[in-house]
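Undergrad: Residues per chain are reported as follows:
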Amino acid sequence: MEEAVKHEEQPSKAASIFTTGPLRIIVSLIVPVLAFLVLRWSFIYMRDADANKLLIGLVALIIGVGAVWALYLITDNLVSLLPQGIGDTVRPFVFVGPALAILCMYLVYPLLRTIYLSFFDARSETFVGVENYIFALTSPDMLIAFRNNLLWLVFVTGFVVSLGLIIAVMVDRIGRWEPVAKSIIFLPMAISAVGASVIWKFIYSFQPSPRPQIGLLNSIVTALGGDPQGWLILKPWNNFFLIIIMIWILTGFAMVVISAAVKGVPAELLEAARIDGANEVRIFFGVIIPYIRGTLITIATTVLIMVLKIFDIVYVMTSGQNDTEVIANRMFREMFVFRNFGRGSALAILLLIAVIPAMIYNVRNIREARR
Amino acid sequence: MSRFLSNLPLRITIIIIAFIWTLPTIGLLISSLRPQIDIQSSGWWTVFEHPFEIAQWTLANYQRVLTTDAMGDAFLNSLLVTIPSVVIPITIAAFAAYAFAWMEFPGKSLLFVVVVGLMVVPLQMSLIPLLRLYTQLDLNGTFLGIWLAHTGFGLPLAVFLLYGYISSLPEEIIESARVDGASPLTTFTRLVLPLSVPAIASFAIFQFLWVWNDLLVALVFLGTKKEVTVVTSRLAALVGERGEAWHVLTAGAFITMLIPLIVFFALQRYFVRGLTAGSVKG
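Protein chains in written order, with this note's numbering: chain A, 1 to 371; chain B, 1 to 282.
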């Protein structure tokens with residue numbers, strides 16, 4: 001390593017013309033200008049071109065990565081021209097700058113603007129005060145959406161964490177087949193929510209009575225002597241059939257994370273409890289759960305946030321019809337279907353408010369970790 | 001032996017659970033290989049009555065969905081959207097994470113707290129203003145627009161994950177590089193970056209799956225025109241247009257799942273490591 005570093009700091013003689021003296025300053029100024037021009041060309045090219053898509057992709061990769069690197073190298077070079085002290089103070093901002101700039105543009109600025117827009121009307125022309133919020137909190141449609149979100153939050157989080165915990169503990173005991181079992185249960189996480197929705201829509205599919213059922217659920221029901229149902233239009237139970245999908249997806253995730261925590265419980269603790277005569281159930285509730293409490297809370301908050309944002313499943317399965325609406329889906333519809341940007345913004349802000357407790361929890365954790 | 005027996009109820013339970021978990025996906029896969037007529041007249045489980053009868057299997061659904069229903073184009077579009085959306089955030093986040101971990105600057109703590117706070121923010125919050133901004137900049141429905149959007153949305157987590165790893169590198173290594181006269185940039189490119197490959201790999205896989213499987217950002221910033229639609233938005237459109245056409249939907253769904261499943265099986269270790277690193281505290 002030492003050799004490599006020392007070597008790099010002694011460039012070849014020819015190149016050294018460019019790295020010393022006045023020529024260096026000139027080069028350091030020309031290169032950024034050239035880079036900027038190239039960047040600008042590629043930006044327009046990528047944006048407008050009906051050109052071959054693969055070509056655009058290639059350009060994107062080369063420019064995207066190359067440009068980013070070039071940007072850092074150039075600015076770092078410029079900074080090295082500055083006198084020692086100033087250079088050292090400025091340099092960190094070169095490293096952090098692009099990230100902060102993008103975060104500002106894509107997260108901070110939009111956040112502030114959305115808050116602002118939520119106080120205006122559909123076209124964002126007239127100030128309407130809290131009218132959008134009043135609609136969001138009192139209209140019958142929205143109240144149903146809130147009720148549904150609550151159902152999702154309670155049932156998805158409850159089942160995902162409990163099932164994840166139970167399965168994690170069980171799977172921990174079966175030795176050789178543990179990785180296989182975990183992979184299988186975790187698999188739905190890799191599939192898109194849209195894909196999962198198609199899978200389950202198929203399971204729930206309904207054929208009117210005399211025809212044979214092709215959906216798994218209805219065929220089981222008819223085999224047991226019942227009548228086939230249109231599960232997705234049955235209020236209010238249709239919500240639960242949607243909720244099952246998310247439980248199916250997320251349990252594996254909870255299981256994997258909790259499993260790592262469960263394996264961290266010191267063997268001595270478990271042995272000591274066993275020697276004291278505690279049976280497995282007592283050990284589970286008395287030793288394991290208290291020990292992994294932190295992980296359980298973290299997983300629960302992560303799942304809660306995922307549930308609040310859930311949009312794909314409702315959008316694909318029912319589009320919010322038959323009283324299955326949720327806030328995230330409604331927000332999308334306000335944006336694209338009703339074109340009411342005031343209400344859409346208000347709903348987005350409500351989602352944000354719901355997430356703030358988790359945000360504070362995360363930030364506090366970080367603060368403590370860094371102390 | 002007695003251990004095996006006492007374990008038996010446990011094993012059976014787990015087998016049942018694993019079976020229930022895979023059943024939905026298997027149903028989809030089998031159905032996608034059946035002719036349309038069969039799908040509409042009998043349940044997919046009936047194939048097991050005569051599994052080797054060739055006539056009941058077909059690739060026609062895939063053929064059709066890839067060409068007529070534009071899934072093939074959507075697949076290419078998804079690749080085109082996903083790969084840059086993974087590579088660009090990693091590059092930018094690596095620099096920032098290094099700065100947060102090993103450089104000093106005013107406001108460092110506060111800025112990092114902001115980054116962490118932004119991690120949980122629902123991206124719904126950014127959609128409306130960004131949509132308007134994009135319309136002004138003519139970025140709507142362009143690949144460039146969505147690459148930048150995914151970069152923006154993925155940066156907080158990227159910075160956080162990479163920071164966690166880079167900051168845990170042994171201080172002596174960084175110090176000795178500094179003592180040898182290496183500039184911060186060199187330390188970063190020659191030393192820190194190569195050492196951070198595990199963390200980068202974990203985030204890369206995580207981000208890849210996230211972007212590939214995303215629907216909302218694709219719908220908002222890319223749209224559903226055939227030149228730009230990705231597999232998720234295409235599938236969603238198919239569900240809306242052809243609700244009961246299961247021969248198309250099952251094959252289409254499986255095409256959207258193909259790459260994620262391959263990535264998942266081949267690179268599980270990294271993926272799981274990324275998840276657990278981010279979620280398990282102390």
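Wrong hints could be hidden among the right ones.
[Stated by the list, open to error] According to the in silico footprint, chain A covers these stretches of chain B (three or more CB under 8 angstroms from chain A):
#: 1; stretch: 23–36
#: 2; stretch: 59–72
#: 3; stretch: 191–205
[Stated by the list, open to error] Among chain A residues calculated to face chain B with C-beta under 7 angstroms, some are:
#: 4; residue: 78
#: 5; residue: 96
#: 6; residue: 98
#: 7; residue: 102
#: 8; residue: 111
#: 9; residue: 178
#: 10; residue: 181
#: 11; residue: 192
#: 12; residue: 195
#: 13; residue: 203
#: 14; residue: 217
#: 15; residue: 233
#: 16; residue: 312
#: 17; residue: 341
[Claimed, not checked] Restricting the straight-line Cα-Cα distance to at most 20 angstroms, the calculated cross-link-like pairs of lysine to any residue (SDA-like) are:
#: 18; chain 1: B; residue 1: 108; chain 2: B; residue 2: 167
#: 19; chain 1: A; residue 1: 235; chain 2: A; residue 2: 320
#: 20; chain 1: B; residue 1: 108; chain 2: A; residue 2: 360
#: 21; chain 1: B; residue 1: 108; chain 2: A; residue 2: 320
#: 22; chain 1: B; residue 1: 108; chain 2: A; residue 2: 282
#: 23; chain 1: A; residue 1: 263; chain 2: B; residue 2: 11
#: 24; chain 1: A; residue 1: 263; chain 2: B; residue 2: 10
#: 25; chain 1: B; residue 1: 226; chain 2: B; residue 2: 70
#: 26; chain 1: A; residue 1: 235; chain 2: A; residue 2: 365
#: 27; chain 1: B; residue 1: 225; chain 2: B; residue 2: 167
If you're looking for bench data, these hints aren't it; they were derived computationally from the structure. Treat the numbers as computed from the prediction; the structure is a model and nothing was measured. By construction, the Cβ of each residue, glycine as well, lies at the ideal position given by its N, Cα and C atoms.
Undergrad: Now look at each hint and say whether the structure bears it out.
TA: Evaluated hints:
Check on the stretch 23–36 of chain B: 6 of its residues sit with their Cβ under 8 angstroms from a Cβ of chain A, so the three-residue criterion for coverage holds. As drawn, the stretch 59–72 of chain B meets chain A at 0 residues by the rule of a beta-carbon pair under 8 angstroms; below three, the given contact is violated. With 1 residues carrying a beta carbon less than 8 angstroms from a beta carbon of chain A, the stretch 191–205 of chain B misses the three-residue requirement, and the given coverage is violated. Contact between residue 78 of chain A and chain B, as hinted, is not supported at the beta carbon level, the nearest pair being about 12 angstroms apart and thus beyond 7 angstroms.
Because the closest C-beta pair between residue 96 of chain A and chain B is about 4 angstroms apart, less than 7 angstroms, the hint holds. Interface restraint check for residue 98 of chain A: the shortest CB-CB distance to chain B comes to about 5 angstroms, inside 7 angstroms, so the restraint holds. With a least beta-carbon distance of about 5 angstroms to chain B, the hint placing residue 102 of chain A at the interface is held under the 7 angstroms criterion. Using the Cβ-Cβ criterion of 7 angstroms, the hint placing residue 111 of chain A at the interface with chain B is satisfied: the shortest such distance is roughly 5 angstroms.
Because the beta carbon of residue 178 of chain A sits about 9 angstroms from the nearest beta carbon in chain B, more than 7 angstroms, this interface hint is broken. Below 7 angstroms, beta-carbon pairs count as interface contacts, and residue 181 of chain A has one with chain B at about 5 angstroms; its hint therefore holds. Annotation: residue 192 of chain A was flagged as interfacial toward chain B, and the flag holds, the nearest CB pair being 3 angstroms apart, inside 7 angstroms. The interface hint given for residue 195 of chain A holds, since its Cβ lies 5 angstroms from the closest Cβ of chain B, which is under the 7 angstroms cut-off.
Satisfaction of the interface hint for residue 203 of chain A is found here, the shortest Cβ-Cβ separation to chain B being roughly 6 angstroms, below the 7 angstroms cut-off. At a threshold of 7 angstroms, the smallest CB-CB gap from residue 217 of chain A to chain B is about 10 angstroms, leaving the interface hint violated. Taking 7 angstroms as the C-beta contact cut-off toward chain B, the hint placing residue 233 of chain A at the interface is violated, the least distance being around 13 angstroms. Nearest Cβ of chain B to the Cβ of residue 312 of chain A: about 5 angstroms, under the 7 angstroms cut. The hint holds.
The closest approach between the C-beta of residue 341 of chain A and any C-beta of chain B is roughly 5 angstroms, which is under the 7 angstroms cut-off, so the hint is satisfied. Only pairs whose Cα atoms come within 20 angstroms are accepted, and residue 108 of chain B paired with residue 167 of chain B is accepted, the gap being roughly 14 angstroms. For the proposed pair residue 235 of chain A and residue 320 of chain A, the alpha carbon gap of about 12 angstroms is at most 20 angstroms, so the pair holds. For a cut-off of 20 angstroms, the pair hint linking residue 108 of chain B to residue 360 of chain A stands: about 19 angstroms separates their Cα positions.
Pair hint residue 108 of chain B plus residue 320 of chain A does not hold up; C-alpha atoms about 44 angstroms apart against a cutoff of 20 angstroms. About 46 angstroms separates the Cα atoms of residue 108 of chain B and residue 282 of chain A, which puts this hinted pair outside 20 angstroms; it is violated. For the hint linking residue 263 of chain A to residue 11 of chain B, the alpha-carbon distance of about 19 angstroms falls within 20 angstroms, and the restraint holds. Between residue 263 of chain A and residue 10 of chain B, the direct Cα distance comes to roughly 18 angstroms. Compliance with the 20 angstroms bound is thereby established for this hinted pair.
At most 20 angstroms may separate the alpha-carbon atoms for a hinted pair to count; residue 226 of chain B and residue 70 of chain B meet this at roughly 7 angstroms. The hinted pair formed by residue 235 of chain A and residue 365 of chain A fails the criterion: a straight-line CA distance of about 41 angstroms is larger than 20 angstroms. Note on residue 225 of chain B and residue 167 of chain B: the hinted pairing is violated, with a Cα-Cα distance of about 44 angstroms set against a maximum of 20 angstroms.
Hint check: violations occur at hints 2, 3, 4, 9, 14, 15, 21, 22, 26, 27; the rest are consistent with the structure.
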